[in-house]
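Chains V and L, in that order, are what the protein sequence lines are. If you read the first sequence in numbering that gives the first Met the number 0, its first letter stands for residue 0, the second for the next number, and so on. If you read the second sequence in numbering that gives the first Met the number 0, its first letter stands for residue 0, the second for the next number, and so on.
The hints are simulated quantities; they were obtained by calculation from the structure and are not laboratory data. Just to be clear, a hint being listed does not mean it is correct.
Stated by the list, open to error - Covered by chain V, according to a simulated footprint, are these stretches of chain L (three or more residues, beta-carbon under 8 angstroms):
(1) 1-12
(2) 117-128
(3) 132-139
(4) 167-179
To be verified - Covered by chain L, according to a simulated footprint, are these stretches of chain V (three or more residues, beta-carbon under 8 angstroms):
(5) 36-44
(6) 61-69
What the hints assert, rightly or not - Quick list of in silico lysine to aspartate or glutamate cross-link-like pairs, DMTMM-like style, CA-CA up to 25 angstroms:
(7) Lys63/L / Asp68/V
(8) Lys62/V / Glu195/L
(9) Lys218/L / Asp68/V
(10) Lys35/V / Asp196/L
(11) Lys124/L / Asp261/L
(12) Lys168/L / Glu12/V
(13) Lys216/L / Glu38/V
(14) Lys93/V / Asp261/L
(15) Lys94/V / Asp241/L
(16) Lys35/V / Asp261/L
(17) Lys81/V / Asp196/L
(18) Lys93/V / Glu12/V
(19) Lys35/V / Glu195/L
(20) Lys64/V / Glu195/L
(21) Lys93/V / Asp16/V
(22) Lys168/L / Glu13/V
(23) Lys63/L / Glu18/V
(24) Lys63/L / Asp205/L
(25) Lys63/L / Glu36/L
(26) Lys124/L / Asp108/L
(27) Lys218/L / Glu12/V
(28) Lys216/L / Asp68/V
(29) Lys93/V / Asp196/L
(30) Lys35/V / Asp68/V
Yeah, the Cβ is synthetic: ideal placement off N, Cα and C, and Gly gets one too.
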Amino acid sequence: MDPLLQHWIHSHEEDTDTEMVFRPASFNFPPARGRKGFELSPDGALIDYGIGPADRRQQTSGKWKRTGDDLTLDAGARRVLKIVSVSNDRLVAKK
Amino acid sequence: MALEHATVQRMMTGFRARIGITKIPVVVHVVFNKADENISVSQIRSQIAVLNRDYRATNPDRTKVPSVWAGLVADVRLQFALATKDPKGKRTSGITRTKTTRTSFGDDDAVKFTARGGMNAWPTKKYLNMWVCTLAGGLLGYAQFPGGPQRTDGVVILNTAFGTTGSVKAPFNLGRSATHEVGHWLNLRHIWGDTEDCSGSDLVADTPNAAGPNFGKPKFPSVSCGNGPSGDMFVNYMDYVDDDAMMMFTTQQAVRMQAALDGARSLIG
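Let the sequences and hints guide you as you build the complete structure.
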């Protein structure tokens with residue numbers, strides 16, 4: 000199965016100056032004031048998890064697609080992540 | 000919306016209604032499954048002490064604010080104290096303790112209801128309710144803005160991020176999670192304006208526009224949204240940095256909080 004098809008959560012502690020690191024939702028994350036994430040389904044459905052204005056998780060539905068290294072997430076506000084690498088337990092994208 | 004209108008009026012005119020110090024009675028609801036989640040009185044008192052420093056700008060680390068913002072450090076003029084009278088007028092420690100069968104809570108307000116394994120709020124017009132529990136997924140806390148449903152009004156804080164002693168764990172061991180959440184409870188927004196880009200606003204003029212949250216312990220300056228040379232005000236309590244990296248509210252944030260106290264929260268204090 001395509002390792003990209005998961006619920007990814009931003010592991011901002013592992014970011015570098017140029018790259019963002021995401022881990023599967025099952026990862027043992029340390030405490031944080033909030034984390035962004037997204038869940039990719041095989042049918043192109045996207046659930047975008049944002050940080051709410053009072054720190055609750057905020058869920059928005061949308062669509063995703065991958066073209067080469069470009070991962071387009073479209074849940075109201077459209078954004079493109081440039082994938083550097085993806086495996087079962089780690090997704091790295093350019094900042 | 001009436002509160003936003005009144006807040007903008009104040010910011011434009013420099014109007015200041017409340018004078019002196021507003022005293023906020025606090026009830027802390029400790030909801031625990033395991034014994035070590037039943038935090039001590041000294042841990043609770045250490046949190047109240049942090050709030051009293053941060054909301055009076057007497058926190059010693061305020062001297063670390065970059066000089067470009069030093070003139071904006073604001074005394075919000077709030078004093079917090081554990082409640083001495085319960086809703087029936089009886090003497091109280093201001094602390095409730097509830098054993099629950101739940102091993103953790105989410106951000107769905109269950110901890111605020113006895114019937115859902117938590118503890119019911121004390122009348123939220125008269126008390127600041129703070130629930131302290133284990134939160135799933137490493138969440139440090141969440142809050143409710145003024146004007147929301149009464150029964151869920153207040154803040155929820157992870158037990159290992161509450162106060163400065165006992166079960167607290169670095170880097171969230173200086174009580175700033177509660178400082179941040181009480182800021183929301185008093186109508187403050189995140190300094191990046193809660194959008195993925197530069198379009199959002201925190202409705203406060205003296206915090207620079209910022210793209211998104213800062214994490215960890217940023218190095219000055221952290222530039223986004225063309226806000227150089229000074230960049231994001233990551234030292235602000237309403238950013239997402241570690242406890243020892245945040246140390247100020249601004250003058251306009253204080254105006255916003257005072258407007259909330261004269262509006263939706265006028266019965267408290």
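Here's how the hints hold up against the structure:
no.	hint	result
1	1-12	violated (count 0)
2	117-128	violated (count 0)
3	132-139	holds (count 4)
4	167-179	holds (count 4)
5	36-44	violated (count 0)
6	61-69	violated (count 0)
7	Lys63/L / Asp68/V	violated, 42 angstroms
8	Lys62/V / Glu195/L	holds, 17 angstroms
9	Lys218/L / Asp68/V	violated, 31 angstroms
10	Lys35/V / Asp196/L	holds, 14 angstroms
11	Lys124/L / Asp261/L	holds, 12 angstroms
12	Lys168/L / Glu12/V	holds, 16 angstroms
13	Lys216/L / Glu38/V	violated, 29 angstroms
14	Lys93/V / Asp261/L	violated, 46 angstroms
15	Lys94/V / Asp241/L	holds, 21 angstroms
16	Lys35/V / Asp261/L	violated, 34 angstroms
17	Lys81/V / Asp196/L	holds, 17 angstroms
18	Lys93/V / Glu12/V	holds, 15 angstroms
19	Lys35/V / Glu195/L	holds, 10 angstroms
20	Lys64/V / Glu195/L	holds, 19 angstroms
21	Lys93/V / Asp16/V	holds, 9 angstroms
22	Lys168/L / Glu13/V	holds, 19 angstroms
23	Lys63/L / Glu18/V	violated, 29 angstroms
24	Lys63/L / Asp205/L	holds, 18 angstroms
25	Lys63/L / Glu36/L	violated, 33 angstroms
26	Lys124/L / Asp108/L	holds, 18 angstroms
27	Lys218/L / Glu12/V	holds, 15 angstroms
28	Lys216/L / Asp68/V	violated, 31 angstroms
29	Lys93/V / Asp196/L	holds, 16 angstroms
30	Lys35/V / Asp68/V	holds, 20 angstroms
The earlier numbered hints that this structure contradicts are 1, 2, 5, 6, 7, 9, 13, 14, 16, 23, 25, 28.
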